[in-house]
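Asker: Residues per chain, in single letters:
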Amino acid sequence: MRNGIDRRTFLKGAGLLGAAAALPMGLVEIVWGKAPDQKFTFAYISDAHLTHIKGTEFVQNFDKGLRKAVFEVNFLDPQPDFVVFGGDLAQLGKKEEIDHGREIMKELTTPVKWVMGEHDYYLDLGEYWRKNFGPDHYSFDHKGVHFVVLNSILTDDYWTHEKWPTAEERMHQMARLDNPHGSPFMVKDAQRAWLKNDLAKISKDTPLVVLSHSPLYKVFKPWNFWTDDAEKVQALLKPFRQVTVFHGHVHQVLYNQIGHISFNAFMSTAWPWPYPVSYSQKPNKIPDITVFMNRADPFKERDGTGWGHIDIAGRNGFAHHYGLWENTPRTVEKDARMAHPSDTKYQDPKDRIPPQTRY
Amino acid sequence: MRNVFIGALVVALLACWQTPVRSDEYTREDLKKWDDAYRYMVKEGEKWFHSGALGGNSVSCDMCHPNASDTHPETYPKFQKQLGKVVGLRDMINWCIQNPEQGKVLAADDPKMIALEAYITWERRGVKLAPGKH
Ligand SMILES: [Fe+2]
Ligand SMILES: [Fe+2]
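Just so you know, the sequences run in chain order A and B.
Numbered per our numbering, the first sequence spans residues 1 to 359.
Numbered per our numbering, the second sequence spans residues 1 to 134.
These are calculated hints, taken from the structure and not from any lab test.
One thing to keep in mind: the hints can contain errors.
[Stated by the list, open to error] Simulated pairs of lysine-lysine, DSS-like, Cα-Cα distance not exceeding 30 Å:
#, chain 1, residue 1, chain 2, residue 2
1, A, K282, B, K112
2, B, K81, A, K350
3, A, K196, A, K113
4, A, K196, A, K39
[To be verified] Covered stretches of chain B (chain A as the covering partner; in silico rule of three or more C-beta atoms under 8 Å from a C-beta of chain A):
#, region
5, 95 to 102
6, 114 to 121
[As the list claims (entries may be wrong)] Sample of chain B residues at the chain A side, in silico, Cβ under 7 Å:
#, residue
7, D62
8, C64
9, P66
10, N67
11, S69
12, V127
We put the CB at the ideal spot given by N, CA and C, even for glycine.
Model the full assembly from the supplied sequences, consistent with the hints where possible.
Answerer: In structure tokens, the structure reads:
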């Protein structure tokens, strides 16, 4: 990857140098095996958690995050081919929140691919979201890459349909990350059958990119950094030679490799989450290869948040450029020669810095 | 006559000790009562920690600190670089109430503050004290 990729030019004019300092290097460029001119870039924005207070009032902090990301994505030059929204546009699934998010996202000059998050879903089971943004699982082909979008935040039928007296109560329960009465995320049978069918039409050497909200592997069940039927989904992806999964939900730098499937998390524009290693009471399966993001400074509202862009390039390759506001940008990349995704600067333990120690 | 005398003596002794039981002798029932009182405060703290009503904008602590993670109660008092001095856990609790949550600070002896401290330290039980650690 290091050789194949030119750093994108982010600025349209020299007059924007001031803004340059604030711009994150967040694009992800993916270059796939078939032909070098297949290289392209998509950007992502994720986990905005727009929170309605009352009337026309929203939590300013989270509004600022989404607006800043939209503004900066529009300044990427060249423009990314599209923008992925990684889920959790809303905080409590309210119409006000989805409307507000749609209006802010409308400012983007490139098309958006939408992923459903649990905060968008558990009030009306995704009805208003789908009315605005379309189906919650679908696939599309782009420059030789097959993209699949899954709704990975479904759960148990009893929990969804019977356990709670009202839809609002159900939403509140699911919105609490550390809820002992929560329920694990799943893709579920119907969507897995759809996926199997969708992939049956694709040749096994086609590069595959899967977009989901929760990680399609198991990290930490108590916070739903977890998809309960992950192994079954992975089994469907396994026959393909080049597979990369990008997901939201965890609000942190997180990457993993299982077999030849690479996993990579999106940043949130709203707030960063602690790593499960910081909760001392329960064991976790945080991937050893992840170099943690720096501890955030709560005195800086946007620290620990951001957006990113992904270059797709080369055989089984990608370069994920994390735009970390108030923080040094990072790049995590993977190509065919590498056993797993790696940070370009900090991967070697001797290159790590004190703020990356989490406890 | 003799029994009456001893009885009077016992009454006098009891009166000057104030309590009928020696102070180092407490019962299982006492322990249970004290533990219940403590657990009640942990529950209260859990409630406030997960409540949008502590601040002014409906944001709650658990949104950024699930299970009170990343609050590091075992490290306080410690130097807080942003405040430029050594502060206690409650100072950072108050800071997070004022800032991300746009709320009003709690007094040090406010039952809500005690409850938050009880919950935060309960979720961190078993972790070695590390005063001063950043
Ligand atoms: Fe989220
Ligand atoms: Fe989420």
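Asker: Run every hint past the structure and note whether it holds.
Answerer: Hints, verified against the model:
1. Pair hint A/K282 plus B/K112 holds up; C-alpha atoms about 27 Å apart against a cutoff of 30 Å.
2. The hinted pair formed by B/K81 and A/K350 meets the criterion: a straight-line CA distance of about 26 Å does not exceed 30 Å.
3. Of the pairs offered as hints, the one joining A/K196 and A/K113 holds, with about 21 Å between alpha carbons and a cut-off of 30 Å not exceeded.
4. For the hint pairing A/K196 with A/K39, the CA-to-CA distance comes to about 27 Å; that is within 30 Å, so the pair holds.
5. Only when three residues or more bring their CB closer than 8 Å to a CB of chain A does the claim for the region 95 to 102 of chain B stand; here the count is 4, and the claim holds.
6. With 0 residues having a beta carbon nearer than 8 Å to a beta carbon of chain A, the region 114 to 121 of chain B misses the requirement of three or more and the stated coverage is violated.
7. Hint status for B/D62 relative to chain A: holds, with the closest Cβ pair at about 6 Å, below 7 Å.
8. Checking B/C64 against chain A: minimum C-beta separation of about 5 Å stays under 7 Å; hint holds.
9. With 7 Å as the threshold, the beta carbon of B/P66 comes within range of chain A, its nearest partner Cβ sitting at about 4 Å, so the hint holds.
10. Annotation: interface hint on B/N67 holds; nearest CB of chain A at approximately 5 Å, less than 7 Å.
11. A least Cβ separation of about 4 Å between B/S69 and chain A falls short of the 7 Å threshold, and the interface hint therefore holds.
12. Below 7 Å, beta-carbon pairs count as interface contacts, and B/V127 has one with chain A at about 5 Å; its hint therefore holds.
Hint check: a violation occurs at hint 6 only; the rest are consistent with the structure.
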